[in-house]
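2 protein chains.
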Amino acid sequence: MNDIDYESIKGIANQLRIHSIAATTAAGSGHPTSCLSAADLVAALFFGHMRYDPKNPHYYNNDRFILSKGHAAPLLYAAWAETGLFPAEDLLKLRQLGSELEGHPTPRLPFVDVATGSLGQGLSIGVGMALCARLDNLDYRTYVLLGDGECAEGAVWEAASLAGFHHLNNLIAVVDVNRLGQSQPTMLGHDLNAYRKRFEAFGWRTEEIDGHDLDEILEVLAAVGLGHQPLVILAKTLKGGGVSFLQDKEGWHGKPLSKEEAARAMVELQPMARSGIGHAIPAPNQLPAPKNEAPASYPATAYKPGDLVATREAYGNALVRIGGADARVVAMDGDTKNSTFADKFNKKFPDRFTECFIAEQSMVGVAAGFATRGKVPFASSFACFLARAYDQIRVAGISMANLKLVGSHVGVSIGEDGPSQMGLEDLAMMRAIVGSTVLYASDAVCAEKLVEQMAAHKGICYLRTSRPKTAVLYKNDEAFPIGGAKVLRQSAEDKVTVVAAGVTLYEALKAADALKSQGIGITVIDAYSIKPLAREVIKAAAKKTRNLVVTVEDHYLEGGLGDAVAGELSADGIQVHKLAVRELPRSGKSEELLARYHIDASAISNKVKALV
Amino acid sequence: MNDIDYESIKGIANQLRIHSIAATTAAGSGHPTSCLSAADLVAALFFGHMRYDPKNPHYYNNDRFILSKGHAAPLLYAAWAETGLFPAEDLLKLRQLGSELEGHPTPRLPFVDVATGSLGQGLSIGVGMALCARLDNLDYRTYVLLGDGECAEGAVWEAASLAGFHHLNNLIAVVDVNRLGQSQPTMLGHDLNAYRKRFEAFGWRTEEIDGHDLDEILEVLAAVGLGHQPLVILAKTLKGGGVSFLQDKEGWHGKPLSKEEAARAMVELQPMARSGIGHAIPAPNQLPAPKNEAPASYPATAYKPGDLVATREAYGNALVRIGGADARVVAMDGDTKNSTFADKFNKKFPDRFTECFIAEQSMVGVAAGFATRGKVPFASSFACFLARAYDQIRVAGISMANLKLVGSHVGVSIGEDGPSQMGLEDLAMMRAIVGSTVLYASDAVCAEKLVEQMAAHKGICYLRTSRPKTAVLYKNDEAFPIGGAKVLRQSAEDKVTVVAAGVTLYEALKAADALKSQGIGITVIDAYSIKPLAREVIKAAAKKTRNLVVTVEDHYLEGGLGDAVAGELSADGIQVHKLAVRELPRSGKSEELLARYHIDASAISNKVKALV
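Residue numbers (the numbering used here), protein chains in the order written: chain A, 15 to 626; chain B, 15 to 626.
The following block holds chain A by itself, in its conformation from the complex (with noise of 0.2 Å):
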C-alpha cells in the first residue's frame, strides 16, 4: 500500500459524497447527510486499503465490509460503482421498483452479504465472518461500518464482548461519530473518549481519529491487523460533512435534498471530486478455497421403535452424525448447550462450536456470518429465548440467509420450570419470517431426518425440539420431506381429522386408541412441516372425515398449527377447531399441565365426541 495517492482518495471520497447526494435528490428520500459523514473513511477503505477483487464482490478471500448503518445505501452503491462494478448512472435508480439499489441494502446486490437497516446487527454478523475466516484458514480481514447512534444497541455490545473474548484482531469496526441522531443528538454525541473507554472495557484496540483527515484514517488503517485485538477506529466526523450548510445541523436525518439544495452542494464539491480510479489492491490468494459442498449421503440414523428418546437428543445426535460428513456444518449455542444438547457436537467438533454465551442477538448474528461464507451453522437455544433475537431473525430473512435455527423446551410440557422457560410463540414468530421452513419434531428419527433437511435446504429453517422424551414412532429408513406430513392412523369410519405435532402427537394417539374402544374412529396426522404445510396430504383426510379437522399443539392459540391450518385450509371449507394453549400458563408436572390447559388425550377426545 506504498502507492496510495492521497490525495485521489480525497477526490473520490467527494465524488461518492456527489453520488449519494445526486441519487436522493432523484429519489426524492434517503439519508444524504448519514453518507457524507463517512464519505473520506469509505473512500480510504475501498481505495486505499481493503483487499478485493472488485470484479468479484463474492471472491472467497475478498476483505468483507458491512455497512451496518444501513440507511447510508447511497454511499456504499458509490462505491462499488466508483470501483467499476456497474455503471454509475444507475446510481440514479435509486429506490426505483425496477432498481436492485434499494432504501437499505440486501443481498440481492452482489457486493452485499447481509441485509442491513436494522440498526446495531453488523457487529455480530462481522465476528461470525472474522471466526469463520480462522476456521478456513483465510486472511481475509472484515470491516464493519457502524453509525454512532447504533451503539447504544446492546446488540452491539454482546458483538463486541465476544469479538475481545476471541481476541479477534482480523476485525475492525469504524464508528462514524457524526454526533446527530434521527431525532435529537445520540446520547454521547462527540465524546469519543467515552466510546473509547466501552470498546477498551470490552477487549478492543481502540484508535481515535478525526474522520474527514485521510492522513489519519490512512494511518490507522495501516496498522489494522497488529496485535491481538479486534480494533475499533472512533471517527469523529460530522453529518452532513463536506457540504457547508448540511455539516453537523440538526433536522437534516433522512432528508434528500432540493435540487437547487443539491446544486449548491455540488458546487461546493466537485472542486476537489476525482472518479474512474477503480481500485488497485488485490485480495490475497496465497490460501486455498474452503471446501463448502454438500455431501451425497449421511450415516443412518440406528433408533428402536419404542426407545425413549428426547427430540432434542436426537438434535444433538443429528448434529454429530450428519457433521461428521458433513464440513459446512457448524454450530453455536447461548450456555444452554447442554439442555439443546448442542454439547454433543461441542465435544465432538470443537473448532466447529462457538459459544455465544448468553447473548442470543449475538449468536444469530454470528450464525449468519458463517452462513454468508458457506457454512451450514445451527444455532440453538430454549426456543423461548430465541424472540431475544426475532429481530435478527427478521432481517436474516431479508438476508435470504442460510440459517438453521434450532429451540427445544417448547410449550407447557416443560414443567416446573414455568412460563418465562416455555416457547408457547415461537411458532407464530418463525411463521411469519419472509421465506421461512418451520419444522417440528415429535419423535427422534423425524428429528435427526429433518437435521438433514434442513442441511440440504437453503435459507431460514426453524426447528422445535421438545424437553420430555417421547417413544420412537418411525423406522429409519422413513423420508420427512419438507412440506409433508404423515398419516399415522386412518380408517373409512374416521369422523374427524386430528392434526398434531410434537408431544401432542402422542396425546393425540391416545385420544384414538380410547376413542376407537368407543367405537369412533379419528385420523391422525404428525403434521411434522409446518411451513410449508401439507395442506394436500391434510385437506384429503379432512375431506373423508366430513371437513372436520382439530388440531392440537403446545403453544398459544394465536398463529401455530392450527392457524396455519386453518388460514390455509379454510378456503377449501375445512372446519378446524383449534386446541392450544389460552392462557398464561403455570409451573407444574408436565402431564398435569398438558391436561390443566386442555391438549392432552383427554381433551382431544371431549372434543372429538362434542363434534361427533
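Hint data in this document are derived by calculation from the structure and do not stem from the laboratory. Errors might be hidden in some of the hints.
Calculated lysine to any residue pairs in the SDA-like style (CA-CA distance at most 25 Å, straight line) [as the list claims (entries may be wrong)]: (1) B:Lys211 - A:Asn207; (2) B:Lys269 - A:Asn207; (3) B:Lys318 - B:Glu466.
A few chain A positions that, by computed beta-carbon distances, are all more than 10 Å from chain B [stated by the list, open to error]: (4) Leu99; (5) Ala287; (6) Gly535.
Each residue gets a CB set at the ideal place from its N, CA and C atoms; glycine is no exception.
Using the hints provided, position chain B relative to the given structure of chain A.
For chain B alone, coordinates are given in the frame of chain A:
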C-alpha cells in the same frame, strides 16, 4: 441502620440457604446453587438495608427489589417468608401446580413486580422504576440483583447506558459474580475488574466486594445513594457458596440435591442459621402517594371527514390530548419520535417522556418499569423494530404488565425505505403474546379512540399505525370498543365479505366502488380490533355472503389478520381467502408496492370476481 445485628443477618443468610435447598429438593427440580451464591447479599438487602413494609409489598414508597436472575426464585421466596409475609412451610410447595411459588417469579405473587427468568431484563425495568421515582418525587430506591452470566446480554448494557446518562443514583445493581454459567464458566469468570471497567465506562459508580462477607456487603450498602451515579456492587461469590461439596463446583447448575445430599448440607448450615427475626426497617413515609387515577373522560377529537391524516400522526395527537387529562400517561421512544409522532407528547410533557435512544429492549423494559408504578406507558418505534424487544414483550405478557406499544411504518405501504423498515410480522408477533390486545387503526379518529381504549384497558395493548396519510372516515363521536369492528359497506346482494384494516381498508372501499359499477356487491368490514376479533360481526356478515370472506392486509401471509379470521371462524364453516404479502418486498412507491404484492383495490376486485 445503627442496630443491624451482623450475626443475625449471617444467620438469616444460612436460613435462606436451608430453605432454598429444602424447597428445591422437595420439588425435585430448581437451582439451589444459584440461590446459595446470593444468599448473603439477599439477607443483607432484605434484613439489614432495604426500607419497606413487609405486610404491604405494594406500598408506594417501599424500596423495590427485582430478582433479575429469576432462577434464584427459591431464595426470593425464602426471604419474603422470613419477613413474615407467609408461612415458611409454604416454601415446600415450590413448583407445585397449586402454588404461586413457581419455578421463576411472576407477579401472581404480591411481592413480585415483574416476571423474571429470561435473563438480562431486570435492569431496564429497574431503570423505569428509578425514573418513575423521580417523576413522582418519591425516595424509594430500586435494587436489581443480576447474575454474572446474564451480563452477556446486550439488554443489560442498554439499561446501564441509560441509567448512567440519567445519573440514577436511586438505582443499585448487585451482580452475583459466581463465575459459573449453566453449561460452563462465564466469559469473565471471577474477573471483577473486567466488570468494573464495563460499568464505569457506562457511567456507573462501582464497588467490588466479597459477596459472602457481610461486613463488606453492609458497608457498601451504607453508602448507597451517595454521588450522582447509579451504583453497581460487584460481588465475588461462589456458586453453591456455604456448602463445602457444592461451592465453586461445575455441574451443579439447575440441579436439586438428593435427600441425602440435602441432609449433609443442612448439617453444615444449621449451626449458624437463625430464623424468626423479621424485618425492621420501615419504608420512608414523608412523601405523598402519586395520583394514579384514570380521569372520568378525555377531550373530544376534532377531525373532519376527508381530512388527510396519517394514523401515526393521530397517535401523537392522541397522546397529547389524553396526556393533558391523564397524569398516568408517560411515553418513551427509541430515537424515532419525529416519525412515530411521539415527539408531540415530548414537546408538551417533556418530564413524562423518556428518550431511550436506539435501544428498543431498554425502551420496553423502562416502560414495563413505569407500568409497575401505576403509570400508563406508551412506547413507540417503527413496528419492525419492536421485534428487537420481542422477548421483553413476551415476558411483559407473563408479568401481566399494563404496557402500551405502538408500531408505526407498517407494511409495504411505507414505500422506498425497503423491507428492513417494513413492519410485516408485527401482528403475528403481538397476537401470540399472552393476554395481548392488538389494534389496527385505519383513520385518525379510530387511532385516537383506540389510544383512549388502550389507556383504559389494563394489560398489554399494541396499536399498529401507518406511514401514509389516509382520509378521515369516521365522525368524532364514533366509538371504537376493543373487540369491535365496523361494517362500512353492506347490501342485501353482497357476494363476498372483505375484511381489512389500515391502508388496505381504503383499497377495499375502492374495490367496492369499482365492483359496484360492475354489478357486484361486497360487504366491507374495518377489523380495527385484531385481537380480540369481532368474530360475531364478521360471522354475521359472512353468513350473508355465502360464508365467503376475503381478508386483505399489509402484513405477511402468516399470523396476521387473515390467520386471525380463519383461525376464529373456520370452525363455523366460514371460508377465508387471504390476500397478504407473500414474498420479500422491494423498495418502490407505496402504491406500486400495494399493487405488486397484490393487496390493492385491483387485487381485491380480482379475488372477488374469481369467487363470484
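Consistency of the hints with the structure:
{"no.": "1", "hint": "B:Lys211 - A:Asn207", "verdict": "14 Å, holds"}
{"no.": "2", "hint": "B:Lys269 - A:Asn207", "verdict": "45 Å, violated"}
{"no.": "3", "hint": "B:Lys318 - B:Glu466", "verdict": "19 Å, holds"}
{"no.": "4", "hint": "Leu99", "verdict": "20 Å, holds"}
{"no.": "5", "hint": "Ala287", "verdict": "26 Å, holds"}
{"no.": "6", "hint": "Gly535", "verdict": "21 Å, holds"}
Hint 2 alone, counting from the list given before, is not met by this structure.
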